[in-house]
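Let the hints inform the model, and build the full structure from the sequences given.
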Amino acid sequence: MLRKEKFTPLQILALTLFAIYALLPLWWVIVTIFKDNGQLFSTFGLWFGDKSHLAENLNTLFTRQDGIFTRWAVNSIVYAGATAIGSVIVSAMAGYAFSAYDFKGKDALFGLILATIMVPSTALVLPLFLMMQKMGLLNTYWAVILPGLVNPFGLYLMRLFWDAGFPKDLMEAARIDGAGEWTIFQRLGLPLVRGGLVTVGLFAFVAAWNNFFLPLVAVSREDLFPLTLGLSVWNQTSSSSGQEPIYTVIVLGSLISILPLVLAFLTLGRYWQGGLANGAVKG
0 MLRKEKFTPL QILALTLFAI YALLPLWWVI VTIFKDNGQL FSTFGLWFGD
50 KSHLAENLNT LFTRQDGIFT RWAVNSIVYA GATAIGSVIV SAMAGYAFSA
100 YDFKGKDALF GLILATIMVP STALVLPLFL MMQKMGLLNT YWAVILPGLV
150 NPFGLYLMRL FWDAGFPKDL MEAARIDGAG EWTIFQRLGL PLVRGGLVTV
200 GLFAFVAAWN NFFLPLVAVS REDLFPLTLG LSVWNQTSSS SGQEPIYTVI
250 VLGSLISILP LVLAFLTLGR YWQGGLANGA VKG
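For the sequence shown, position 274 (counting from the first letter as 1) is numbered 273 according to numbering that gives the first Met the number 0, and the numbering increases by one without interruption.
Hints listed in this document are in silico derivations from the structure and should not be mistaken for laboratory results. Bear in mind the structure is a predicted one, so any value in this text is a computation, not a measurement. Heads up, a few of these hints could be off.
Computed spacing ranges between beta-carbons, pair by pair [said to hold, decoys possible]: (1) Val28 with Leu191: 39 to 49 Å; (2) Leu260 with Val149: 19 to 29 Å; (3) Val232 with Asp176: 49 to 59 Å.
Virtual Cβ for every residue (Gly too), placed ideally from N, Cα, C.
What follows is the structure in structure tokens.
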């Protein structure tokens, strides 16, 4: 039987303080969406005002600029969904190639790919911008989606999952039986590394959903903005152009924008956690 761990009072106090520290910003967000801008600065920040303005904030959020917030949400789903799916496909195929085949310069090429992880993403924005400009893809969905399909960290993870989850004996037995490489990859391999696919997909989805700098330089049309960029533009224009600030509306939009991430982790979390455990141990 597993022995229950008993926490000391000091440990309980430390965990309680950590929980409060972690949850306090979320509590502030929840309280803020029930206020208007006047109450935001005139009432205690961690408690509700005298009157709820949630309905007004929701109405403003979804009707401002002819309801462009909904369009931004759709854009974010398209950007993140397409990037996650494409990244999983590319990473799974590339990871399989590095795991299943031996070729000249394999280790050097893999090390070079891993080295690109250390390059700051901001340093790649200008080259990507120039490439998209040459290809005529600026102000299109592809300008944001294509750069995210190449995921060095995802390739690294998928190679670990292939090494740990797909026995070489099974691969060789399938080849002896006459199975083609695509059949081995698709029908035999992919079900065995499902946890890895979910792990890479979640990481890619979160990264694409939170992406701000690339859309900032790649798209200038407001109808192509993702939520991150659109809410930032609202914050800047409403506070600097003489308009009435809409801080509580922006906070409400930010809260709504994280709901897909929460839903993704709740629905796929068990695959993700199991995948990390399996990929961390090379059999």
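Asp176 and Val232 - C-beta distance against the hinted 49 to 59 Å: holds, 58 Å
Okay, Leu260 versus Val149 on CB: inside 19 to 29 Å? holds, 22 Å
Go ahead and decide if the range 39 to 49 Å is satisfied by the Cβ distance of Val28 to Leu191. Given range 39 to 49 Å: holds, Cβ gap about 41 Å.
Against the hints set out earlier in the document, no violation occurs for any number.
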